[in-house]
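So the sequence lines, in the order shown, correspond to chains S and C.
Take the first sequence: its letters are residues 1 to 72, numbered as in our numbering.
Take the second sequence: its letters are residues 1 to 285, numbered as in our numbering.
Just so you know, the hints here were simulated from the structure itself, not pulled from any lab data.
Treat each hint with caution, since some may be false.
In the DSS-like style, the derived pairs of lysine-lysine whose C-alpha atoms are separated by at most 30 Å in a straight line are [stated by the list, open to error]:
1) S:K72 x C:K40
2) C:K83 x C:K44
3) C:K209 x S:K25
4) C:K44 x S:K72
Chain C is nowhere near these chain S residues, computed Cβ spacing over 10 Å in every case [what the hints assert, rightly or not]:
5) A7
6) G9
7) G11
8) G13
9) I14
10) R36
11) Q37
12) L63
Backbone N, C-alpha and C define an ideal beta-carbon position, used for all residues, glycine too.
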Amino acid sequence: MNLAWLAAGIGAGITIVGGALGIGKLAASAMEASGRQPEAASAIRVSMIIAAALIEGISLFALVICFLLSGK
Amino acid sequence: MLDTLTANSAKLAADTLKQVAAGQGEKDNWIMHHVLDADKLDFKPFFEIQLPHFSLFGIDISITKHVVFMWLASLLLIILMIKVSKSYKKSLIPKGVTNFFEVFIIFVRDEIAKPTIGTGYQQFVPYLLTAFFFILFCNFLGLVPFSATATSNISVTATLAISSFLVTQISGMRKNGIFGYFKGLVPHGVPIALVPVMAVVEFIGLFTKPFALAIRLFANMTAGHIIIFALISLIFVMKTVYVAPVSIALALFIYLLEILVALLQAYIFTMLSSLFIGMAVHQDH
Numbered sequence: 001m002n003l004a005w006l007a008a009g010i011g012a013g014i015t016i017v018g019g020a021l022g023i024g025k026l027a028a029s030a031m032e033a034s035g036r037q038p039e040a041a042s043a044i045r046v047s048m049i050i051a052a053a054l055i056e057g058i059s060l061f062a063l064v065i066c067f068l069l070s071g072k
Numbered sequence: 001m002l003d004t005l006t007a008n009s010a011k012l013a014a015d016t017l018k019q020v021a022a023g024q025g026e027k028d029n030w031i032m033h034h035v036l037d038a039d040k041l042d043f044k045p046f047f048e049i050q051l052p053h054f055s056l057f058g059i060d061i062s063i064t065k066h067v068v069f070m071w072l073a074s075l076l077l078i079i080l081m082i083k084v085s086k087s088y089k090k091s092l093i094p095k096g097v098t099n100f101f102e103v104f105i106i107f108v109r110d111e112i113a114k115p116t117i118g119t120g121y122q123q124f125v126p127y128l129l130t131a132f133f134f135i136l137f138c139n140f141l142g143l144v145p146f147s148a149t150a151t152s153n154i155s156v157t158a159t160l161a162i163s164s165f166l167v168t169q170i171s172g173m174r175k176n177g178i179f180g181y182f183k184g185l186v187p188h189g190v191p192i193a194l195v196p197v198m199a200v201v202e203f204i205g206l207f208t209k210p211f212a213l214a215i216r217l218f219a220n221m222t223a224g225h226i227i228i229f230a231l232i233s234l235i236f237v238m239k240t241v242y243v244a245p246v247s248i249a250l251a252l253f254i255y256l257l258e259i260l261v262a263l264l265q266a267y268i269f270t271m272l273s274s275l276f277i278g279m280a281v282h283q284d285h
């Protein structure tokens, strides 16, 4: 068996853990903030989406590396 | 029963190993075959259309699957947008398809460009609208059966990101002057000792932003298609038809999610481009 496949699988798993932690923390804070101040909800949503996209971008970098590894 | 299962999986593993050893593993990978670019249009159970090859000064410029669907998206956009702009020349009250597009155009202008760029946002709205609608049309064309997603090709997304990069840099330099623009990269109030480090970090940051834009769009559009194919291939991996309802239901769910992702990625690309433009033009905040 190819060790690169093992590396790709483990890497993808760790990436998902990191990305999920980041986006989960972000969403929790955004929910709390818009609960405290409902009139600012739309502004909070926009900045939440931007931050989520940045976190997602970083985790996708790692996933692309895993994907390249799986083709080895 | 366990014996036959073990024997089956052992045979499958042996076959796969043999294929990999013979260098055929890549060729038989049907998921990659559907996601990657190809030189023919694939209507597999019915027919295939072979596309012509061209080369100019030794550079391969042959028309591929993704190019065809990119042109189709552009053609649809040209036809629809000419219709929309003609309708506004007749009367300012939108009618029919114009109504539908007005929602998106107003959204891009008022929710994306205005809050992120601020004063002088008007000159960037045409570029943002072009990027938004082109990405949206490419993404949605990729969801039609037998078609291909042009935005799941890294060259297409890289070209889009490079145009965003050029618009950002050129507009920043025009507003602040070339020297002032590079001077403004380092924020005010940074301790003198940190200035060289910050300058390097900010300069590298200029190039990682479009790189992230390209990878984000490419990976999102590719990943959705790979997940759909992987769920359907569960039927063939498990070699039983009883998995079919589960895997079809899950694939359908991912497909519906893809509709959301197609809209969201067009929004995020436009939003981040506009944010970067705003940061380059108004460096003081």
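To see whether the hints hold, each was checked on the structure:
no., hint, result
1, S:K72 x C:K40, "holds, 26 Å"
2, C:K83 x C:K44, "violated, 35 Å"
3, C:K209 x S:K25, "holds, 23 Å"
4, C:K44 x S:K72, "holds, 28 Å"
5, A7, "holds, 17 Å"
6, G9, "holds, 13 Å"
7, G11, "holds, 14 Å"
8, G13, "holds, 15 Å"
9, I14, "holds, 17 Å"
10, R36, "holds, 21 Å"
11, Q37, "holds, 18 Å"
12, L63, "violated, 6 Å"
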